[in-house]
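Read top to bottom, the protein sequences are chains A and B.
Heads up: the first sequence begins at 0 in numbering that gives the first Met the number 0, then just goes up one per residue.
Heads up: the second sequence begins at 0 in numbering that gives the first Met the number 0, then just goes up one per residue.
Hints listed in this document are in silico derivations from the structure and should not be mistaken for laboratory results.
Careful: at least some of the hints might be erroneous.
For chains that are exact copies, the list does not tell them apart, and a pair is met inside one copy or across any two.
Claimed, not checked - Subject to a maximum C-alpha distance of 30 Å in a straight line, what follows is the list of computed BS3-like cross-link-like pairs (lysine-lysine):
id : residue 1 : residue 2
1  : 71        : 200
2  : 71        : 342
3  : 315       : 259
4  : 315       : 342
5  : 237       : 427
6  : 4         : 47
Number of protein chains: 2
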Amino acid sequence: MSDLKITGVEVIDLRFPTSRDAIGSDAVNTSPDYSAAYCILETDQELKGYGLTFTLGRGTELCVEALRYLSKFVIGRSLSSITDNFAAFSRELTGDPQFRWLGPEKGVIHLATAALLNAVWDLYARKKDKPLWQLLADMEDEQILRAIDFRYITDALTPDEARAILRKNKAGMDLRLEYLRQRGYPAYTTSVGWMGFSDEKIAHLCDQALAEGWTHFKLKVGGDPADDMRRARLVREKIGSHNKLMFDANQMWDVEEAIKRTRELAVLHPWWMEEPTSPDDILGHARIRREVPQVRIATGEHCQNRVIFKQLMQAKAIDVCQIDSCRLAGVNENLAVMLMAAKFNIPVCPHAGGVGLCEYVQHLSVFDYLRVSATLENRVTEFVDHLHEHFVDPVHVENGHYLLSTQPGYSAEIYPETLRNYSYPNGKIWKT
Amino acid sequence: MSDLKITGVEVIDLRFPTSRDAIGSDAVNTSPDYSAAYCILETDQELKGYGLTFTLGRGTELCVEALRYLSKFVIGRSLSSITDNFAAFSRELTGDPQFRWLGPEKGVIHLATAALLNAVWDLYARKKDKPLWQLLADMEDEQILRAIDFRYITDALTPDEARAILRKNKAGMDLRLEYLRQRGYPAYTTSVGWMGFSDEKIAHLCDQALAEGWTHFKLKVGGDPADDMRRARLVREKIGSHNKLMFDANQMWDVEEAIKRTRELAVLHPWWMEEPTSPDDILGHARIRREVPQVRIATGEHCQNRVIFKQLMQAKAIDVCQIDSCRLAGVNENLAVMLMAAKFNIPVCPHAGGVGLCEYVQHLSVFDYLRVSATLENRVTEFVDHLHEHFVDPVHVENGHYLLSTQPGYSAEIYPETLRNYSYPNGKIWKT
């Protein structure tokens, strides 16, 4: 098969006015307009690659601008020159000697790096005519290892240890794949309990979700304690004790308050407490976990890079590792974190929702099951039912499971009409 | 005194082509163009406020754009409405419900926040007709506490504990001030040992620095081990065993390599090893410190916020706390970190150099001595001798000490001619 050459990158500031309906609202993120810095890799052939990073509205323009700068690293490059040593390419993006001062490997520049890396992976999968999960699942161990920048994590996971994990789990892959083909990958719903929703709306959405076959439900907390408790009891009563209830505080609390509030809410037997405090506070999470042992602690959607995840694992700070497909530097850095999680025996339950995150993480979870963790125990992937209609290859969820994606690529291609209508500030939606 | 109203904010992308002379080069930052996102607060009176955040060239435009957005939080506000509850204002900037997704409190948006907060502090000090250090030193305890956002650090430092530190150190402040008036605040020089300098140049610069009265010298390491050792021996021989030699690896190493390399270089009795690994790696620094107890460990110039510093202290990961006046969210967040350092009994030795960092940190160090740490033991503030000629009120260094600043403000005002000539991309310097 002939190689591809990347000839250009189109970058788009895409925003959906979701704040108008309180969709996505939580204790901290009170009025998000789900948005994306979106890019299209043009090539010397018909194939294109599509990638994005998720944002909340204002500031998308910063990611867009960063993405425009980073584009110089792909333009004129052959696809194979990137994918043959993907970690080196990733290091070029994160190691730019002037740009990295703005991070390193965090915030705006890292989000933009994710969009570009995700687009290259999409192009790569399309070129191989496989969904991304399958491209990854079919890779040789060494090829996977060459995609991972081990810098700063070798004290927790060496390439040899990563190789051993991949080798060990070759056995049984076919059976696991067959299981996924029949059942799909287990998911949970966050759509029932946004902060801005009334009790009536939450009750109605619980009924609806139960009827659809959901078994894991997440509720936003971190508001007034009495309100939190009332809403939590409502959901628990609706879903019964046999289903799982998770809480998400979205970083609202200081460490000691988090301990107190998590203990209070423990009476409702949550399956986990998510983001009880600052995403930067490794030792804080470790203390909360130590002092409220009856509740499993989750975090990750705001964890900036593999170095933070490494420490969360080393410090025994989390029970659930919530990778983010767009905050970590694309597929590459997510591979690193999944392999570390396998070594530390911590389940990966990806963060999703927003724009395109569900489309992305389904692939990562499937790969995690097939090649890395080799188990579904305590694993569920987040699902939020918004904005999928804008994707050419949207997720298919049935009976609380993500059905296996079958289209080539990483599923982030958005319809041209959506790109026109929702582009900011000149799209039709934003003009009216 | 009548209140001021902020009527507008001018934002400038300012870049100096320092990479042409290998100034500022180290193992990681190989070709920096010292730059700043610079802002001028316009008011309804004659006074203006000047603030900046330091960058390395590319990407300054991102901070500039973020700063333009954040400007909306000051325009139309009276100065007193900000300074009467400065922490609440700081929280407005860091808590913007859409913008904070890009951090929170890290990277581009946090750097921009620093520039704006620094400009408000400059305006405040000018309005009070005092240098910033004196404005701070003269503040009531409660006023200082109201400037600090304690969110996420109350498990390490409560407002009551901070108040107790400030109270305890009232005694002796006059004597300490008198000392500073006579001697100045102790400094060290980084100008002798940039990575890109030849051995001959380093030797010559050591001679020159010794003649100028310097007693603390920092050398960049993190290159080829033999080169590092040769350069380090050269400096040690030049400065003798009675002067202090510090090493700075600028994040080059993984944890285990850092341990090995720091042990090797320990034969030259360094006063500290700076940035041995990733600035995000709290537990990594703690391990390096544990395993190389003969060398003091320093970091901070790339530590994104008070939550990281908190953990570095809780984990006993550092011997030296290197605050950055522009990476932390302005004076406010630096106050938080200085007070935590006082509680944990860790000396603060600010990072400086670049553009305006020396001008800034002299004020913070003086305040730290007068009101917070009340000691000079193991304290030195970085000095780099570049670009001061562009400042209206540049630092004055004599005999290895920063002389006390006497002009009103926070010393970051840059000459209009410099702003014209070095503005990017249209200034004269960048056109030629």
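Comparing the hints with the structure gives:
no.	hint	verdict
1	71 - 200	neither (48 Å within a copy, 35 Å between copies)
2	71 - 342	neither (36 Å within a copy, 47 Å between copies)
3	315 - 259	both (20 Å within a copy, 26 Å between copies)
4	315 - 342	both (13 Å within a copy, 26 Å between copies)
5	237 - 427	neither (40 Å within a copy, 69 Å between copies)
6	4 - 47	within (10 Å within a copy, 52 Å between copies)
Consistency note: the structure conflicts with the earlier hints numbered 1, 2 and 5.
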